[in-house]
Amino acid sequence: MDLAVRIAGAAGQGVQSLGEVLARAAFRQGLFVHGELSYHSRIRGGENAFTVRISDRPVLATRDQVEVLVALNAPMYRQYLPLLAPGGWTVADEGISAEGERDLRLPAEGLAKDELALPLAAGTILLGAAARLLGLPREAGEGALAAVFGDKAGPNQRAFALGWERAPDGPWILPGPRFPPGSHALLTGGQAVGLGAIAAGVRFVASYPMTPGTPVMEFLAAHGERYGILVEQAEDEIAAINMALGASYAGARSLVTTSGGGFALMVEGLSLAGMIETPVVIHLGQRPGPATGLPTRTAQENLLFALHAGHGEFPRYLVAPSDPESAFYLTIKAFELAEEFQVPAILLTDQFLVDSFAVVPAPAPSRVPVAEHLLPVEELERLPHYNRFELTESGVSPRARPGVSEKLVLVDSDEHDPYGRITEDLAIRRAMVEKRLRKGRGLRERVAPPEVFPEEVRGKRVLLGWGSTYGAIQEAVGILGKEYAHVHLRELWPLRAEELRRVWDEAAEVILVEGAATGQLATLIAGETGLRPHRLIPRYDGRPFTAHGIAEEVAG
Amino acid sequence: MSADRYLADVELAWCPGCGNFAIRKALAMALDRLDLPPHRVVLVTGIGQAAKIVHYVNVNGFNGLHGRTVAAAAAIKLVRPDLTVIAESGDGDLYGEGGNHLLHNIRRNVDLTVIAHDNRVYGLTKGQASPTAPLRYKTRAQPSGTPVRPLNPLAIAVALDAAFVAQAFSGEIERTADLITQAISHRGFALVNVLHPCPVWNRVQNFMWFKERVYPVEGEGHDPTSREAALRVAFGDGERLPTGVIYRRAGPIYDDLHPVLQGDPLGLRPLRTPEELAPLLAQFV
Numbered sequence: 001m002d003l004a005v006r007i008a009g010a011a012g013q014g015v016q017s018l019g020e021v022l023a024r025a026a027f028r029q030g031l032f033v034h035g036e037l038s039y040h041s042r043i044r045g046g047e048n049a050f051t052v053r054i055s056d057r058p059v060l061a062t063r064d065q066v067e068v069l070v071a072l073n074a075p076m077y078r079q080y081l082p083l084l085a086p087g088g089w090t091v092a093d094e095g096i097s098a099e100g101e102r103d104l105r106l107p108a109e110g111l112a113k114d115e116l117a118l119p120l121a122a123g124t125i126l127l128g129a130a131a132r133l134l135g136l137p138r139e140a141g142e143g144a145l146a147a148v149f150g151d152k153a154g155p156n157q158r159a160f161a162l163g164w165e166r167a168p169d170g171p172w173i174l175p176g177p178r179f180p181p182g183s184h185a186l187l188t189g190g191q192a193v194g195l196g197a198i199a200a201g202v203r204f205v206a207s208y209p210m211t212p213g214t215p216v217m218e219f220l221a222a223h224g225e226r227y228g229i230l231v232e233q234a235e236d237e238i239a240a241i242n243m244a245l246g247a248s249y250a251g252a253r254s255l256v257t258t259s260g261g262g263f264a265l266m267v268e269g270l271s272l273a274g275m276i277e278t279p280v281v282i283h284l285g286q287r288p289g290p291a292t293g294l295p296t297r298t299a300q301e302n303l304l305f306a307l308h309a310g311h312g313e314f315p316r317y318l319v320a321p322s323d324p325e326s327a328f329y330l331t332i333k334a335f336e337l338a339e340e341f342q343v344p345a346i347l348l349t350d351q352f353l354v355d356s357f358a359v360v361p362a363p364a365p366s367r368v369p370v371a372e373h374l375l376p377v378e379e380l381e382r383l384p385h386y387n388r389f390e391l392t393e394s395g396v397s398p399r400a401r402p403g404v405s406e407k408l409v410l411v412d413s414d415e416h417d418p419y420g421r422i423t424e425d426l427a428i429r430r431a432m433v434e435k436r437l438r439k440g441r442g443l444r445e446r447v448a449p450p451e452v453f454p455e456e457v458r459g460k461r462v463l464l465g466w467g468s469t470y471g472a473i474q475e476a477v478g479i480l481g482k483e484y485a486h487v488h489l490r491e492l493w494p495l496r497a498e499e500l501r502r503v504w505d506e507a508a509e510v511i512l513v514e515g516a517a518t519g520q521l522a523t524l525i526a527g528e529t530g531l532r533p534h535r536l537i538p539r540y541d542g543r544p545f546t547a548h549g550i551a552e553e554v555a556g
Numbered sequence: 557m558s559a560d561r562y563l564a565d566v567e568l569a570w571c572p573g574c575g576n577f578a579i580r581k582a583l584a585m586a587l588d589r590l591d592l593p594p595h596r597v598v599l600v601t602g603i604g605q606a607a608k609i610v611h612y613v614n615v616n617g618f619n620g621l622h623g624r625t626v627a628a629a630a631a632i633k634l635v636r637p638d639l640t641v642i643a644e645s646g647d648g649d650l651y652g653e654g655g656n657h658l659l660h661n662i663r664r665n666v667d668l669t670v671i672a673h674d675n676r677v678y679g680l681t682k683g684q685a686s687p688t689a690p691l692r693y694k695t696r697a698q699p700s701g702t703p704v705r706p707l708n709p710l711a712i713a714v715a716l717d718a719a720f721v722a723q724a725f726s727g728e729i730e731r732t733a734d735l736i737t738q739a740i741s742h743r744g745f746a747l748v749n750v751l752h753p754c755p756v757w758n759r760v761q762n763f764m765w766f767k768e769r770v771y772p773v774e775g776e777g778h779d780p781t782s783r784e785a786a787l788r789v790a791f792g793d794g795e796r797l798p799t800g801v802i803y804r805r806a807g808p809i810y811d812d813l814h815p816v817l818q819g820d821p822l823g824l825r826p827l828r829t830p831e832e833l834a835p836l837l838a839q840f841v
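Here the protein sequences come in this chain order: Y and A.
All the letters of the first sequence, read from the start, carry residue numbers 1 to 556 under the numbering used here.
All the letters of the second sequence, read from the start, carry residue numbers 557 to 841 under the numbering used here.
Please keep in mind that the hints were generated in silico from the structure rather than gathered at the bench.
Every residue gets a Cβ at the ideal spot worked out from N, C-alpha and C, and that includes glycine.
Among the clues, some could well be false.
Part of the chain Y face toward chain A, derived, beta carbon under 7 Å [as the list claims (entries may be wrong)]: (1) A199; (2) E235; (3) P365.
Now the stretches of chain A that chain Y is said to cover, found in silico as 3 or more residues with beta-carbon under 8 Å [unchecked claim]: (4) 591 to 605; (5) 804 to 818.
Modelling step: build the complete structure from the supplied sequences, incorporating the hints.
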């Protein structure tokens with residue numbers, strides 16, 4: 001069972017809220033859901049579409065074709081009618097023409113105005129009708145409305161009921177619950193990153209708003225008071241990263257969240273993090289560039305940028321979650337590795353992952369242990385002399401907070417001696433370069449291998465991907481059949497080369513699927529192993545991959 | 557105890573006759589007067605000759621990037637209000653590269669002291685005009701004289717309603733120490749602009765040039781609690797250079813207005829337990 005509903009309208013018509021209500025209603029029925037938001041960069045007008053998939057199996061990708069189209073205006077009806085699946089229905093106000101085979105038309109605008117005195121509720125009336133067609137019980141929708149609208153749910157629940165009562169039963173029968181209550185969560189990638197950051201002990205966030213980095217900032221601000229997290233809107237991204245490093249030096253786990261343009265401004269600060277060995281987590285939500293690009297669309301164009309950003313040489317951890325579940329755990333891991341190895345960690349997501357809802361196994365905060373890596377005060381007191389940049393075998397020096405003992409803590413952006421004092425002693429310079437780079441060896445050992453599915457790839461055509469393309473590639477392999485396999489990378493740097501070499505040795509063909517034009521993962525892997533994918537399936541129009549899209553491209 | 561406890565026993569790389577020596581001494585005197593334990597002070601600096609001061613004193617130090625001094629300092633103070641945080645750098649760092657951070661941190665009004673070494677010239681990069689260099693000032697980078705008007709840090713700070721604005725002259729060490737002491741003691745964002753000669757690169761505005769032009773504002777009955785009077789003093793008469801407290805005001809600081817900053821310092825709080833996350837996670841299951 002796999003149904004998709006698209007709610008499309010102008011910005012300001014509540015498309016996002018309606019989509020969330022539908023996703024929640026299906027989730028409350030114990031079904032798997034994926035909700036994808038596609039929007040123009042404007043507050044009023046333009047195009048907003050929320051595509052909700054309802055399935056009896058986990059879904060982490062969107063679809064182009066839908067079974068039900070809820071059109072909130074005539075242009076959206078005409079634009080999306082060609083993407084209606086055979087046997088599908090459209091739901092719209094009676095003022096909108098009916099050119100399809102199954103067009104349900106309701107006096108939604110009239111009812112909203114006359115019965116509810118709430119013109120904006122027309123969309124909720126149409127949503128109620130769509131829910132009935134889909135076979136969703138009325139109570140599921142009303143419960144979801146209460147969850148999304150809170151105190152203001154009353155009129156919307158009445159609107160939902162008005163639509164539900166006026167619609168016929170549809171041709172679809174939804175299955176019973178696929179998971180018990182409490183076992184799964186409905187999360188966006190952005191929420192998952194925020195939850196992971198809270199679990200990892202974040203105390204300070206400095207950021208300048210930029211789509212799609214902003215949802216993480218706003219999520220943490222919303223929960224800042226409860227959890228003791230200071231979220232400060234910086235004057236620019238340069239301030240943001242330097243503030244985060246100041247706060248981290250002072251003992252607060254720190255995060256910045258941004259997109260490509262903002263990250264570009266942070267690059268000198270990234271290099272500072274490398275030099276002063278002060279942990280920071282950078283959430284980089286990708287969108288199409290160059291420059292301002294397509295501000296509200298998705299892309300995977302910043303892999304090599306994130307990997308190579310920063311002058312000078314220093315280790316870093318680069319990780320790209322594939323879905324809200326891995327976003328939660330890998331955000332915790334990013335904080336932990338940043339703290340343990342005193343390096344910057346870059347969490348590479350994208351608009352599709354940040355904004356999309358998915359039903360995933362409920363996050364278990366204890367699964368990734370969170371430990372204090374700062375030097376305890378008692379140990380600091382016992383040291384005869386404290387050197388912030390002590391030369392050690394692992395390259396990791398004991399890191400102390402300033403102001404907790406009489407030992408002073410000095411960090412310097414210039415090359416420095418073990419104490420932290422500026423130096424031009426070139427023997428010390430060599431020792432410090434080597435010390436910093438030694439940390440990369442320990443970091444490499446902590447990186448998990450790529451996911452290979454099925455485990456045996458001998459003779460198969462392998463679809464290779466990273467980050468948020470996971471769900472679409474996984475489904476595409478299901479469509480393409482047994483000749484195909486899926487290899488997926490989440491932890492991108494340090495790169496685990498062993499498993500990749502095996503894939504190249506055994507597979508009949510390696511096909512890179514990536515939301516960029518040039519095949520950036522191919523460049524990364526080739527640089528480390530000399531191996532190149534045989535084919536590239538790029539996408540650079542700002543839209544996420546779909547399983548059918550990939551399958552068609554692969555089959556040629 | 558003496559001010560010497562704050563001075564690091566290292567070789568100083570400043571040129572003979574540089575005003576930075578006096579400012580370093582004044583800073584140590586101010587810390588001594590306030591009897592601040594060295595480990596309870598964080599000195600944040602950027603890049604430039606002035607910024608090297610972090611290596612010449614014995615306190616905690618964060619020597620960050622050029623221009624980003626105040627940004628890093630503000631965040632340190634936000635998460636560690638238990639520490640005294642001082643940002644110190646040159647006119648190029650604070651007023652040029654870091655101008656945006658200065659503006660917005662005056663607005664942010666964190667309890668921070670900013671000490672600006674203002675010699676109107678770039679030292680480390682060898683003599684180019686700084687943002688406070690006078691119109692038509694000639695350098696190797698501006699051989700026909702800079703056509704850019706100087707920035708007036710005092711007027712900017714007063715215009716943005718900074719909590720404390722003062723100007724000192726490095727030739728008056730006692731007075732400089734006193735103004736730094738007042739700035740540290742004042743609750744909120746405090747700027748001390750310290751005029752000082754650069755004997756190597758600024759041959760025009762030398763020690764005597766400054767000495768002849770500075771005057772104490774209190775000697776002329778200036779009321780530093782009046783913003784209007786402060787602006788007049790800050791604009792100046794085109795000839796003389798005011799020293800002393802130009803402007804000060806009381807009022808809430810950032811911390812007073814932010815609910816998250818009411819408990820223990822964020823930078824000293826323990827990690828969360830997995831159980832603490834449970835109620836929030838429950839909203840999503």
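Taking the hints in turn, this is what the structure says about them:
1. Against a cut-off of 7 Å between C-beta atoms, the interface hint on A199 (chain Y) holds, since the closest Cβ of chain A lies about 5 Å away.
2. For E235 (chain Y), the shortest C-beta to C-beta distance to chain A is roughly 4 Å, which falls under 7 Å, so the interface hint holds.
3. This hint holds: P365 (chain Y) has a C-beta 4 Å from the nearest C-beta of chain A, less than the 7 Å allowed.
4. With 7 residues having a Cβ less than 8 Å from any Cβ of chain Y, the stretch 591 to 605 of chain A passes the three-residue criterion, so the hint holds.
5. Counting residues of the stretch 804 to 818 of chain A whose beta carbon lies closer than 8 Å to any beta carbon of chain Y gives 4, which reaches the threshold of three, so the coverage claim holds.
This entry satisfies every hint, going by the numbered hints stated previously.
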